[in-house]
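**Student:** The primary structure of each chain is shown beneath.
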Amino acid sequence: MNAALIIESAIKSILLLLVLTGGFAYVTFYERKVLARLQVRIGPNRAGPGGWLQPVADGIKLIFKEELIPENANKIIFVLAPVITVIPALVVTAVIPWGETINLFGREVALYLADINVGILYLTAITSIAVYGITLAGWSSNNKYAMLGGLRASAQMISYELALGLTFVSPIIIAGSMSVLDIVRTQAEIGLFKWILYQPLAPFIFLIASLAEVNRAPFDMPEAEQELTAGYHTEYSGMKFALFFMAEYIKMIAVSAIGATLFFGGFLGPFVDRLPWLGPIYLFIKVVILLFGMIWVRATLPRIRYDRLMAFGWKILLPLGLLNVFISATATLIFGV
Amino acid sequence: MLREFARGLWTTFRSMFEKPVTIQYPEVKRPVRKRFKGRHVLKRYENGLEKCIGCSLCAAACPADAIFVESAENTDEARYSPGERYASTYEINMLRCIYCGYCEDACPTEAIVLGDNYELSFTDRRQAVYTKELLLEPVSDPSKTTPQQTPPGIFTRSIPVMQDDVD
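Going line by line, the protein sequences match chains A and B. For this note's numbering, count along the first sequence from 1 and bump the result up by 700. For this note's numbering, count along the second sequence from 1 and bump the result up by 120.
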């Protein structure tokens, strides 16, 4: 690895972090606007033209808020928990490719940060770490609501991670590789229709389980207002609360990007083989559409009861996930890729 | 079950294309209802005299004890209201007021009326006490302001003659 490559990776990392944190700010705005329209309202439109400075105003407000640490809280873990939640959300997108290589200033630049050969394993491993932050936040607050929120988050994560993990198995089977880039290349090779046909249930299971993974409505049990006030972040304020908020929204972006990459072609699109710089644009459009889906579901469905959530995860999604793996394995074995 | 989900999603999706029901408040104001009870106004007669005679019945009727009235004697040289007495001090504490309208019901001269102004905001608790100058209806013609000099023997009756005795 020479110096130029290190600089290139550093630039790409910083770019990715900036896109994610900026994306976080504007996903909150996007959500508020879309949710408002779904509820026949207008949404934020005061700060700046059309409300476009609303995320900036929110950020400034949160920075100047008082940072409160409860007296009997475990201070070190209390401060550390938001960080533990937000870091995995930021680093998980490192293996998502945005495109093939482009020629920039006479240099072949790959439009992905890392193409590791166990990319899928990396995804599942990193996304699971985030729940430690949530559970520790609930525990260290020394607050019963926060504690219950944290416990629910971990129970929910365990239940839905299984179904989510099983949906990752079918792309691995079909592509014969755990590298995310190889999976996207296989999709380009066999076509998206055939790709979905070989794993007909996987996109649906993924979309449902990913909602539970990022604690979004209708699976937002860890922060169910009616029962748990604000759940695991009851005692958090100021920038520490903002970090949890950031983690939630960046995870939304991350799972949308993962879903788009694994099941909807990722950076693939018309003419992308001739004009590789279109890749990030296609990925962006797909992420925006999947985010819209998440907000749309939030605007439509009420929160489901906790035991139903567990029953749905274990009794419906898990068997369906196994069935999906069986279908794609059989299809790959009989018809080949 | 899937059909119900689809129907729910379709319903919310369709509502995206409806006209928003939001009223953009400071720019657009929805007119209040006819019987809306907002900030109080002390009314005047057509000749500019105040309707309030300082009887303190509103203060007695007020369940929140928000009204304070002090009365003084009218003279023909400096007349504020018909009859013998007028309210020299009239204060309503808008933080105490519950906008029930009992003062309006109690008033024998229909002097105090709950108006349509709901935009009350203060930066200081003292500002919440509305004095008579703030509550009194403004006059169109400066000559009709109180106190007025009036010919003797006309404004002897503090309560106006009722138009319909049965009322």
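Some hints could be false.
[To be verified] So, partial list: chain A residues that the calculated Cβ filter (under 8 Å) puts toward chain B:
{"id": "1", "residue": "Arg-737"}
{"id": "2", "residue": "Arg-741"}
{"id": "3", "residue": "Ile-742"}
{"id": "4", "residue": "Ile-872"}
{"id": "5", "residue": "Ala-999"}
{"id": "6", "residue": "Thr-1000"}
{"id": "7", "residue": "Leu-1001"}
{"id": "8", "residue": "Ile-1004"}
{"id": "9", "residue": "Tyr-1006"}
[Stated by the list, open to error] Here are some chain A residues the structure puts well away from chain B; computed CB gaps all over 12 Å:
{"id": "10", "residue": "Ala-704"}
{"id": "11", "residue": "Leu-715"}
{"id": "12", "residue": "Val-734"}
{"id": "13", "residue": "Val-740"}
{"id": "14", "residue": "Glu-766"}
{"id": "15", "residue": "Ile-769"}
{"id": "16", "residue": "Leu-813"}
{"id": "17", "residue": "Leu-862"}
{"id": "18", "residue": "Val-869"}
{"id": "19", "residue": "Trp-996"}
Hint data in this document are derived by calculation from the structure and do not stem from the laboratory. Just so it is clear, CB atoms sit at the ideal spot from N, CA and C, and this is done for glycine as well.
**Student:** Determine for every hint whether it applies to the structure shown.
**Tutor:** Structure-based check of each hint:
1. Annotation: Arg-737 of chain A was flagged as interfacial toward chain B, and the flag holds, the nearest CB pair being 5 Å apart, inside 8 Å.
2. For Arg-741 of chain A, the interface hint holds, since its Cβ comes within 8 Å of a Cβ in chain B; the closest pair sits about 5 Å apart.
3. Interface restraint check for Ile-742 of chain A: the shortest CB-CB distance to chain B comes to about 4 Å, inside 8 Å, so the restraint holds.
4. Contact between Ile-872 of chain A and chain B, as hinted, is not supported at the beta carbon level, the nearest pair being about 28 Å apart and thus beyond 8 Å.
5. Residue-level restraint check for Ala-999 of chain A holds (minimum Cβ-Cβ distance to chain B is 5 Å; threshold 8 Å).
6. Annotation: Thr-1000 of chain A was flagged as interfacial toward chain B, and the flag holds, the nearest CB pair being 5 Å apart, inside 8 Å.
7. Because the smallest distance between the Cβ of Leu-1001 of chain A and any Cβ of chain B comes to about 7 Å, under 8 Å, the interface hint for this residue holds.
8. Residue-level restraint check for Ile-1004 of chain A is violated (minimum Cβ-Cβ distance to chain B is 12 Å; threshold 8 Å).
9. At a threshold of 8 Å, the smallest CB-CB gap from Tyr-1006 of chain A to chain B is about 19 Å, leaving the interface hint violated.
10. For Ala-704 of chain A, the non-interface assignment is confirmed: its Cβ lies about 48 Å from the closest Cβ of chain B, beyond the 12 Å cut-off.
11. With a least CB separation of 33 Å from chain B, Leu-715 of chain A remains clear of the 12 Å interface cut-off, as annotated.
12. For Val-734 of chain A, the shortest C-beta to C-beta distance to chain B comes to about 8 Å, within the 12 Å cut-off, and the non-interface label is violated.
13. Separation of Val-740 of chain A from chain B is inadequate, the least Cβ-Cβ distance of about 5 Å not exceeding the 12 Å criterion.
14. At roughly 22 Å, the least C-beta separation between Glu-766 of chain A and chain B is larger than 12 Å, which holds for a residue marked as non-interface.
15. Look at Ile-769 of chain A: its CB is around 32 Å from the nearest CB on chain B, clear of 12 Å, so calling it non-interface holds up.
16. No Cβ of chain B comes within 12 Å of the Cβ of Leu-813 of chain A; the nearest lies about 35 Å off, and the non-interface call holds.
17. Against the 12 Å criterion, Leu-862 of chain A stays outside the reach of chain B, whose nearest CB is about 22 Å from its own CB.
18. With a closest Cβ-Cβ approach of about 24 Å to chain B, Val-869 of chain A is found to remain outside the 12 Å limit, as its non-interface label requires.
19. Distance to chain B contradicts Trp-996 of chain A as a non-interface residue, since its nearest Cβ pair spans about 7 Å, not more than 12 Å.
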